[in-house]
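Each chain, letter by letter, is given below.
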Amino acid sequence: MRRRPPLSLVMGSTLVGLVAAAAALSLVWLPVDPNRMDFGAQFSPPGVEHWLGTDHFGRDLFSRVLVGARSALLVGFVAVGISLSLGCVLGALAGWRGGAADELIMRLVDVLYAFPAILMALLLAAVYQPGTVTAMAAIGLATVPVFARLMRASVLTLRGRDYVEAGRALGASEPRLLWAHVLPGAASPIVVQASLSLAIAVLAEAALSFLGLGTPPDVPSWGNMLREAQGFMALSPFPALVPGLAIILTVLGWSLLGDGLRDHLDPTTRR
Amino acid sequence: MTAFVVRRLITALVSIVLASAVVFAAVLAVPGDPAAIILGVTASPEALSALRTQLGLDVPPVERYGRWLARLVRGDLGTSLQFQRPVADLVRDRLMLSVALALGAALVATSLAIPLGVLAAVRRGTWLDPLTVLASQLGAAVPSFWLGLLLIILFAVELRWLPAGGFPGWEAGPVAAFRALLLPVLALGLGQAAVMTRMTRAVLLDVLRQDYVRTARAKGLGSTSVIGKHALRNAMVTLVTMLGLSLTNVFIGSIVIEQVFALPGLGRLALSAIGNRDFPLVQGVVLLYAGTIVFVSFVVDVSYGWLDPRIRYA
Amino acid sequence: MQRHVRWLLSAVLTFGWAGCALAQQEGPTPGGSLVVAISADPPGWDPTLSTSQEIPRVTYGNVFEGLVRFDRHGTIVPALATAWTVSDDGLVWTFTLRDDVRFHDGSPLTVADVMAKFERARDPDSGHVNQQYYEAIASVESPDPSIVTFSLTRPNRSLLYNLARPDSIIYPAASAATQRSQPIGTGPFRFARYVEGSEVRLERFEDYWNPELPHLETVTFRIISDPNTRLAALQAGDIDLIGAAVPPEHVGVIDATPGLETHAGTATTEITVAMNNARPPFDDPRVRQAITHAIDKEAIVRGAFFGQGTVIGTHMTPAEPYYLDLTDLYAFDPERARALLAEAGYADGLSVTFELPEPYPFERRTGEVIAQQLREVGITVNLAVVEWGTWIQRIFLGADYDMTIIGHAEPRDINIYANPDYYFRYDNPRIAELLAEAEAARSAETELEAYQEIARIIAEDAVNVWVFSPANTVAVREGLRGFWIDQPTPAIDVTEVFWAP
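Residue numbers (numbering that gives the first Met the number 0), protein chains in the order written: chain A, 0 to 270; chain B, 0 to 313; chain C, 0 to 500.
Source of the hints: derived by calculation from the structure; they are not laboratory data. For each residue, glycine too, the CB sits at the ideal point set by N, CA and C. Treat the hints loosely; a few may be bogus.
As the list claims (entries may be wrong) - Here's a subset of chain A near chain C, in silico, CB distances under 8 Å, partners left out:
| hint | residue |
| --- | --- |
| 1 | M36 |
| 2 | Q41 |
| 3 | P216 |
Please build the complete structure, drawing on both the sequences and the hints.
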């Protein structure tokens, strides 16, 4: 029986699709060079020439917000990639081995709970230069524990299942068992969490760029655009409104997608 | 109960020690000589070696960590390179503002989220529920610093009801402090309220589905009484966790909000320390934030055990 | 004579007369408090230990005084010295000290304090900055408890000017070690409290030598790094005065706000794109010329600064008497820039790192536009924002950089081009010779010629790109009187400020 996909799934994937399309489009076509300054057209409101208006240098906000989608997606994917792979490996290891290894790994992972993304970024930025890589690493490391916990829990419940025990009795190697039987069972909560973590990562990237700890200042990322717009809010609201709305739509997209996936994949949690 | 608290306390202490190791190791990982990074390439060899001694770089890392930890226990966080004052003093001056900001935001979030979440759960099936869900989902997606910018435009620039930023100091009186903190607290608290509304609603729906609530309802108890006595009490355990989580969320979130509203709190102290390569100050502030998070989760765990005796023995 | 030209010029240029005349009409009212916005924490409070302009902005004239000082028009007037004379050969300067001056710690000012100050100023190990100002001094003596004489090794026309600078302030002989954190001076306000990152509070000094001053009881300098927050704080009534560098885009907004007003004055700041003359590719003058040709200064002032500034062509501003208009030399010409780059062997492009100082929004904004203009002539620009501490250490002191941008706010600072170790790493002995000529000049004309020759040489060598001199815009609450509008030296001197009844 096929269930109708929940509304949140439809809305979420539409929004995320839009952002991805914007990023892809920005690679092949842009209405205006996003860095071209036009001092004859500063603070233009949205119009025919500049669809979403211009900023304090007369740069086209539409083009810049399209380019900004790249940073939002790139930083998000890399950061979540880091936390997902690191978290899953650690969680699987802890759950599968159990005992002292479990205790040790989870104790270490738990320490990361004490360092949310911004705090981690402060620490890393003090040591290395602030920048895109530092931001990605900080966001990635900070979100490791969620994945590790999820993975460990899945492995723990699946480990005792009959078909895994049967496989073990038949002499299947441990990595093979883990790969063939346990991991597929853990996949759906991980995918859901990845989507939710992407929402967090987009917010964190924007905050870090806003603080000057993220994407370099001359790259049009949404956080950078907001930091620059801060000085000119009295002259035109659009340079602040446009990237803010872009962030909201993207974050909303990922979190709706995550919720929708959860409802879709596991109807029992449906609320 | 005592045994449970002691056990949790030990775990918390271990976490803090591990967190301090992370903070210490981060600076250990600085590429190159921290003293040279701080002083620049023109520094004289004498100045470099003096700073190395001040930073304790002339002893092996493990011993250095031991010393650092020993001083930490006595409340000595080292000396700021930039201000030439004890880090602990600098932190003490700023801590109150960040804590006030976080507590205020948590208060705003809780007092909005619990009634709204309960209402949405109870009025399930009416228009109120999906509206609350949608609003909270949207609210959770709004960056707090962007909300802060909008609040400044509206209430400080346009209406001129409230200051746009800065802090007059506690001695300027409670009214001035309240006025200075109101917008930052709202910027920080509203987003958190959105997150918490969803959680409250979910928790309550779970509880309302439980058998004993159904029984109570079947026995003819009024809706208010059911929710008040049975449902909320049983949801308390989860709500306390949620409260702890949101407290740490707003405490960390205050770093960005302080920057938006130019508030002299811990976050701005940390940012200026990064700019000036003031490693002892960065270490101190980051460790304080991390320690607070560990502490809050310890308190949450303990109250958990107090609210639900079964957990103590788990 | 030279200086008279300057006075006249600044008098003509000054818009400050209005405020001053008004002040005399209404008569100052004593009392009240003032909240002033400043943009950054200074690195300590001792102006003799750091060249940071944030220190004198708060302390000059308010907390600290020297023998002489600049007034609001840049005129040198008596401060701790009542009078001075100079011998005919220009080698002996004699100052008469006031006898009624007390420091904020209650101790009286004595010649010993003055002598100790100039010992420190000439001691290479004391950490005292800008020691070149005092190079010509051979000895400082006191034949009488109220007289201090400076014996010079050579005639030094700029000595009096240098004695009026914030570097030449005098504090108690024994207090040098603690001035960084606990400044003690002779000014009309004493330093009361400093909370890092938040505010510094000054309070009226009851024993100030001039019983007429100051008018205010307390002055709070609130540290607000973001100009937008400063604007909003002014509009919300939290601060009363933004004493310098109001962003041009805020002028219209402030003027439209009831109860607030702006005043445009002059400043001696040159927004300078500094290039590392010792490092390839900037060691090739053609590259530096090409970069100058590539930059459209007019567009920057008009577009990014709403016309609130003056385009310049060398290290001098129209607010200074020896100003020379060299803006036509290497004027904006992208084609010429490309050709010069090709000639220098960079036909296929060139990659440079351009570092912008984090705390200075004017410089950052100018830098962003310049980066884009350089890209348009085929230069790959890696833009980076560096924190202030890093800028000072690595770029300014270490000269480890390609290109940066900063506002040189100090007046009369063309002498920096004589120092081959300065962060531009410009090595031309001719500049030092000309500087010596200027110092020893017998007439103002000879002095002027020497200075203008320096200005011309550095411009022809395209040592740096001098982009523009921003107008000094001051924003105040209506009813405030007696504040400085021009910035003859970086200072927010509130000595004569009062609230109109």
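Legend entry - A:P216 as chain C interface residue, shortest Cβ-Cβ below 8 Å: Holds - the Cβ of A:P216 comes within 8 Å of chain C, reaching about 5 Å at its closest.
Inset, instruction - Return the status of the interface hint for A:Q41: holds when the least beta-carbon distance to chain C is below 8 Å, violated otherwise. - result: Hint on A:Q41: holds, closest Cβ of chain C at ~7 Å, below 8 Å.
Inset, instruction - Identify whether the interface hint at A:M36 stands, where standing means a beta carbon of chain C within less than 8 Å of its own. - result: Result: holds, 6 Å to nearest chain C Cβ.
When each numbered hint is compared with the structure, no violation occurs for any of them.
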